[in-house]
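Starting from the known structure of chain A, arrange chain B on it as the hints suggest.
For the protein sequence lines, the chains are A and B, in the order given.
Using the numbering used here, the first residue of the first sequence is number 1, and each one after it goes up by one.
Using the numbering used here, the first residue of the second sequence is number 1, and each one after it goes up by one.
These are calculated hints, taken from the structure and not from any lab test.
A few of these clues could be false.
Computed cross-link-like contacts, DSSO-like style, restricted to lysine-lysine with a CA-CA straight-line distance of at most 30 Å [unchecked claim]:
1) K382(A) to K197(B)
2) K382(A) to K128(B)
3) K235(A) to K173(A)
Which chain B residues stay away from chain A? Per the calculated CB distances, all over 12 Å, these [to be verified]:
4) D99
5) D104
6) N166
7) S204
8) P248
Glycine residues also receive a C-beta, built at the ideal position from the N, C-alpha and C atoms.
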Amino acid sequence: MQPTSANFIANARDAIADDNLQLAIARVGENFGAKRQQAVDKLPEFDALCGRAVEIKDDVLAHLDYYLEVYERAVTASGGHVHWCATVEEACETVLRLCRSVDAKTVTKGKSMIGEEMEINPYLERHGIEPIETDLGEYIIQLAGEPPSHIIAPAVHKTKEQVTDLFHEHHRKFGKTERLTEGEDLVAEARELLRGKYLAADVGITGANFLIAETGSSIIVTNEGNGDLTQMLPKMHIVLASLEKVVPTLEDAATLLRLLARSASGQEMSSYTTLSTGPRRADDPDGPGEYHVVLLDNGRSELLGGEFQDILRCIRCGACYNHCPVYTSVGGHAYGWVYGGPMGAVLTPALIGLAEARHLPSATPFCGRCEEVCPMQIPLPKMMRHWREQSFQRRLTPGRERLAVALWAWFARRPALYHLGARFAIGWLFRRARGRGHMRKVPFMRGWTLTRDLPAPEGGTFQQQWRRRKRA
Amino acid sequence: MPETAPNVGLLVTCLVDLFRPSVGFAAVKLLEDAGCRVEAPRAQTCCGQPAYNSGDKRDAKALARNVIDAFADFDYVVVPSGSCAGMVRKHYPALLADDAKYADKARDLAARTHELMAFLVDVRGVEKSDARYEGTVAYHDSCSSLRELGVHDQPRRLLRTVAGLNLVEVPDGEVCCGFGGIFALKYGDISGEIVRKKADAIESTGADTVCAADLGCLLNIAGRLQREGSGIKVRHVAEILAGMTELPPIAEGRR
Chain A
1 MQPTSANFIA NARDAIADDN LQLAIARVGE NFGAKRQQAV DKLPEFDALC
51 GRAVEIKDDV LAHLDYYLEV YERAVTASGG HVHWCATVEE ACETVLRLCR
101 SVDAKTVTKG KSMIGEEMEI NPYLERHGIE PIETDLGEYI IQLAGEPPSH
151 IIAPAVHKTK EQVTDLFHEH HRKFGKTERL TEGEDLVAEA RELLRGKYLA
201 ADVGITGANF LIAETGSSII VTNEGNGDLT QMLPKMHIVL ASLEKVVPTL
251 EDAATLLRLL ARSASGQEMS SYTTLSTGPR RADDPDGPGE YHVVLLDNGR
301 SELLGGEFQD ILRCIRCGAC YNHCPVYTSV GGHAYGWVYG GPMGAVLTPA
351 LIGLAEARHL PSATPFCGRC EEVCPMQIPL PKMMRHWREQ SFQRRLTPGR
401 ERLAVALWAW FARRPALYHL GARFAIGWLF RRARGRGHMR KVPFMRGWTL
451 TRDLPAPEGG TFQQQWRRRK RA
Chain B
1 MPETAPNVGL LVTCLVDLFR PSVGFAAVKL LEDAGCRVEA PRAQTCCGQP
51 AYNSGDKRDA KALARNVIDA FADFDYVVVP SGSCAGMVRK HYPALLADDA
101 KYADKARDLA ARTHELMAFL VDVRGVEKSD ARYEGTVAYH DSCSSLRELG
151 VHDQPRRLLR TVAGLNLVEV PDGEVCCGFG GIFALKYGDI SGEIVRKKAD
201 AIESTGADTV CAADLGCLLN IAGRLQREGS GIKVRHVAEI LAGMTELPPI
251 AEGRR
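If we strip away everything but chain A, and leave its shape as in the complex, we get:
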């Protein structure tokens, strides 16, 4: 998707004014937050598991080349193929070539954020192949023509009424004219329509939560079982995965899985955890005839060894989204690209450039909750600060902001001058308030006074009064 991250401020303003969006995302904190806490409280070894998980991923990132090669050998041994793709363009071309090799007309898709990075749906459509999303949330937003707004709950920004409208509008052509308003009925109708698609699809594309080096397996977790039908029924299964998804062993994946669902939705396990290893074997009752893994880098390898490496530990649970006061106020689309929330604020500048995405790591109050709930202990605020420092150094931060900080710092480094200046500034503000205690408008502070008053200063600085008191 064409990024709109540079317009973050305007995007956020629109999002805050969007009543439907606000109604929908109010559920995020209420649902996911409380459930995660309950799940964590019920697992005494949660913190220890987190520590172990961090070790696993740090080891992977320190030896990524090795594990990926082991993984590739295992995939090959099981009859599958790994396609190494440095860029999104390569990855798209690879998928298209594979689809054409089986003369694909329609493709069913499980949820994949790498697919979003690749913009694989519009790409396939442009080349005459129809992609059909099978995850209910993804299906809803495909109808709406929108990208996902949350990594585990892609349609979380939609209210039930909006889904009713979408189904009513788009399902008419399948003879479904009744306007459904109950959740169960909506799900049943989507399921019925999707069943036919699964059977007709030539290729099934899924993402991967983990790639297992020792066995060459890919793992997906879903709550709907849609991934299983997507990958089992068609002739070909294509896995879209970024390279940091690899873990050494099934045992390691099990450790991470214990954290993933708990952190994501508060479940102990997702309803379905599906392992795929190669294509259908001679004595398998079903399965795809071909198994391909499109392994995407898209700039990640450049993060290795640098100050942003830790973001590659991310297992995409979305806990940081659910606990972020910014995300829960503006939703995912405001971030302007595939990823949102705190992990997006760190990863997006690395993948699409800081010039486009500089607002994302800046637009946070540094409340620290993301780091607190991250099962992979990723120091998200610290990395957001690194981006701010780069933004300042590379002069991407606007000149007036840098000037304001520099001017203030110039005074703050000269205590005598600073205290004199402070007296004048605060005296001016005090007189402006005229004893009312607060001001509705203050020059240069529109950002503040838009939604709240500025409390008036008490009058006189502490330093002034302290000196007076000491003289007395």
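Coordinates of chain B only, in the frame set by chain A:
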């Protein structure tokens, strides 16, 4: 055995210096009542967070060195703000880790520096307040106090000993108020939306007063409550604990 009174340097914080000097004097009273000798060195200005959070590392380092020099001679440095205390305790050592002259000094200062509530209870063993405050009071945890410094119980323990005071908890109390310093100015819409929800949560408690240990949060919350026309009074926790509540609450005019 009369212990010698420790020398405490008060890191006033720029916001207290500018907007609410009474908080500084309330802190001085609490510290003196806890047996400390207090000085507020004039060489201090700001801990440097506005520069640090803007990505201006050079100025942040310069300001950190200024604070380190200003507070070199105190047994303790006490800060009536979780975020400024967190800056000194958590961030100075990292910020100056490569500075040959200041790396050790930064670690030394970090070890001597305490947030006011934590200092009173954990270091000085203060168990009660002699103050009286008639009202139902909600205590707001600042993110830095809560998550960077682990301060949670200390202010509550002291507030419960204030005569006439009924302490209540704010639902979703661990959620940020949306202040974030420069964030509140640069991203006013988002910050405003976050504090709107915080104000709603505070109002839902039925409290007549909300207090916190960070003036940044308090200016934000008071500004929002005032804009809504809410009658809830906003004060720094030090004002209440020191019994220094003659001054009108934050954002309210003189009557």
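So, going through the hints one by one against the coordinates:
| no. | hint | result |
| --- | --- | --- |
| 1 | K382(A) to K197(B) | holds (26 Å) |
| 2 | K382(A) to K128(B) | violated (37 Å) |
| 3 | K235(A) to K173(A) | holds (27 Å) |
| 4 | D99 | holds (16 Å) |
| 5 | D104 | holds (22 Å) |
| 6 | N166 | holds (25 Å) |
| 7 | S204 | holds (14 Å) |
| 8 | P248 | violated (6 Å) |
Consistency with the previously given hints fails for numbers 2 and 8, ordered from lowest to highest.
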